[in-house]
Amino acid sequence: MTTEHLPEHPDFLWRNPDPKSSYDAVIVGGGGHGLATAYYLAKNHGMTNIAILEKGWLAGGNMARNTTIIRSNYLWDESAAIYEHALKLWEILPEELEYDFLFSQRGVMNLAHTLGDVRESVRRVGANKLNGVDAEWLDPQQVKELCPILNINDNIRYPVMGATYQPRAGIAKHDHVAWAFARKCDELGVDIIQNCEVTGFIKDGNKVVGVKTNRGTINTEKVGLCAAGHSSVLAEMAGFRLPIQSHPLQALVSELHEPVHPTVVMSNHVHVYVSQAHKGELVMGAGVDSYNGYGQRGSFHVIEHQMAAAVELFPIFARAHVLRTWGGIVDTTLDASPIVGTTPVENMFVNCGWGTGGFKGTPAAGLTFAHTIATGTPHKLNQPFALERFETGALIDEHGAAAVAH
Amino acid sequence: MLLIPCPNCGPRDETEFHYGGQAHVAYPENPAELTDREWAEYLFYRDNTKGAFAERWLHSTGCRQWFNMLRDTVTYDIQAVYPMGEPRPDKENAATGTTAPTLTSPVSPEGAVK
Numbered sequence: 000m001t002t003e004h005l006p007e008h009p010d011f012l013w014r015n016p017d018p019k020s021s022y023d024a025v026i027v028g029g030g031g032h033g034l035a036t037a038y039y040l041a042k043n044h045g046m047t048n049i050a051i052l053e054k055g056w057l058a059g060g061n062m063a064r065n066t067t068i069i070r071s072n073y074l075w076d077e078s079a080a081i082y083e084h085a086l087k088l089w090e091i092l093p094e095e096l097e098y099d100f101l102f103s104q105r106g107v108m109n110l111a112h113t114l115g116d117v118r119e120s121v122r123r124v125g126a127n128k129l130n131g132v133d134a135e136w137l138d139p140q141q142v143k144e145l146c147p148i149l150n151i152n153d154n155i156r157y158p159v160m161g162a163t164y165q166p167r168a169g170i171a172k173h174d175h176v177a178w179a180f181a182r183k184c185d186e187l188g189v190d191i192i193q194n195c196e197v198t199g200f201i202k203d204g205n206k207v208v209g210v211k212t213n214r215g216t217i218n219t220e221k222v223g224l225c226a227a228g229h230s231s232v233l234a235e236m237a238g239f240r241l242p243i244q245s246h247p248l249q250a251l252v253s254e255l256h257e258p259v260h261p262t263v264v265m266s267n268h269v270h271v272y273v274s275q276a277h278k279g280e281l282v283m284g285a286g287v288d289s290y291n292g293y294g295q296r297g298s299f300h301v302i303e304h305q306m307a308a309a310v311e312l313f314p315i316f317a318r319a320h321v322l323r324t325w326g327g328i329v330d331t332t333l334d335a336s337p338i339v340g341t342t343p344v345e346n347m348f349v350n351c352g353w354g355t356g357g358f359k360g361t362p363a364a365g366l367t368f369a370h371t372i373a374t375g376t377p378h379k380l381n382q383p384f385a386l387e388r389f390e391t392g393a394l395i396d397e398h399g400a401a402a403v404a405h
Numbered sequence: 000m001l002l003i004p005c006p007n008c009g010p011r012d013e014t015e016f017h018y019g020g021q022a023h024v025a026y027p028e029n030p031a032e033l034t035d036r037e038w039a040e041y042l043f044y045r046d047n048t049k050g051a052f053a054e055r056w057l058h059s060t061g062c063r064q065w066f067n068m069l070r071d072t073v074t075y076d077i078q079a080v081y082p083m084g085e086p087r088p089d090k091e092n093a094a095t096g097t098t099a100p101t102l103t104s105p106v107s108p109e110g111a112v113k
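Sequence order for the protein chains is B and F.
Mind the numbering: the first sequence is residues 0 to 405 in numbering that gives the first Met the number 0, read in order.
Mind the numbering: the second sequence is residues 0 to 113 in numbering that gives the first Met the number 0, read in order.
Hints were generated in silico from the structure; no laboratory data involved.
Fair warning: there could be bad hints in the mix.
[Claimed, not checked] Each pair of labels, with its calculated beta carbon distance range:
| # | chain 1 | residue 1 | chain 2 | residue 2 | range |
| --- | --- | --- | --- | --- | --- |
| 1 | B | Asp396 | F | Pro30 | 15 to 25 Å |
| 2 | B | His398 | F | Gln64 | 22 to 32 Å |
| 3 | B | Asp203 | F | Pro30 | 13 to 23 Å |
| 4 | F | Gln64 | B | Ile91 | 52 to 62 Å |
| 5 | B | His8 | F | Gly9 | 46 to 56 Å |
| 6 | F | Glu28 | B | Ala307 | 41 to 51 Å |
Quick reminder that beta carbons are idealized off the backbone N, C-alpha and C, glycines included.
Please work from the sequences and hints to get the whole structure.
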């Protein structure tokens, strides 16, 4: 459960090289997705003369700010395929990366509070099973058995009418995931360059041939963008647009508590998701702030709402204290699905639009995006998530469809 | 939380408002003549500006009127509030060469933008 000891703080796990004058490929963004992309470029495609450019410090953006939930119980085939592939990678990565980042498959419950929720949930369980995703429907009594601190009384505004449950889902230590990828990238020869902000791109006609940074110009044959909330800013520098809106997404933690919460509980309807971190903090998140924002902070009423929901569902949380709240900038799309693939600029590729759920997708995003960068063609898992879908109309509408607490 | 200066009601909590996204996006004059690319631009592509951004807000639990607001998306400072249909106050000068109207910025806490 939540009593495992954390590993000792590790020694330096990667070098801090100065940028070279040229690389075979440059990844912009040193968060989870950028690190995973570089790792699979080196491991699966033999591209080791590559660099990750990070404007701040490694994994200091959304990788440090998410609520670490990993699950694959999405409704549509395309999403189930890529997120389930990610989950299978999560299951083998601790061994492959030789780093125990405490992936704890404690299960994820998605609560249903209305008849509409119940119907959507039962349908999704069926769709998940057909896609090889472990899923089951729980009645309120079974919910209570799995998570005794949940209030299933019918005297609250939105009583728990049941839940979907994915036993293989869970949480992982996000920082350790980043460090695990970074160490392996470094071992494989990848240059991880922090405090290196991209300020422009050099193009030959419509082809990108270099990157301008605050640490000099770097020539490169290929560029992969993994910049989440700042993807639009980079795209504008490169001369194209993305159908992305950046919003603040907030989360909070309580003080440390004894282990009380054995699983992960998400509620789309009253809008909160809660787990208990390995150290003992209750970790909670909810939806995005409505307005566009790059400020890595949001409005307090959002926090208030998610805590109200949490206290109604978990009455024992009423006396817990908030330790801190924070925000990250998430890159949302109108169909709540990511964008991975080619761009209107030759040799420039984009991985963005993961919105509020990018952490769980990290390994599959990296694996498929590396394939796309190395070969110039889509991977079968990311093909449906190409930018062109907004023109063809082949959207993958996960809004409200996938237990997504977007 | 944002304190939004409604042009009709004065400063009110953000919770009274609904966000309407980017302002000044006109409905296409001849939608049937658009290419798929142009239609996608209208439906799905919006500016995602880092900095001063013109956006629509609805005072849904107050006067129930829409208005435009110029807000910095990094600092969240509200720089101007102006009626729908009017050009961006910070861009008009450049666009028309005429004198820009006085910005209602910075908005005072008393909400002097009636």
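How the hints compare with the structure:
Hint check: Asp396(B) to Pro30(F), Cβ distance near 22 Å, so the stated range 15 to 25 Å holds. Taken as a hint, the range 22 to 32 Å holds for the pair His398(B) and Gln64(F), whose Cβ atoms sit roughly 28 Å apart. Checking the proposed 13 to 23 Å range against Asp203(B) and Pro30(F) shows it is violated: the Cβ atoms sit about 37 Å from each other. Distance hint check for Gln64(F) and Ile91(B): the Cβ-Cβ separation is about 56 Å, which falls inside the suggested range of 52 to 62 Å.
At roughly 52 Å, the beta-carbon separation of His8(B) and Gly9(F) lies within the given 46 to 56 Å, and the hint holds. Taking 41 to 51 Å as the suggested C-beta distance range, the pair Glu28(F) and Ala307(B) conforms, at roughly 46 Å.
The structure is inconsistent with hint 3 alone, although it conforms to all the rest.
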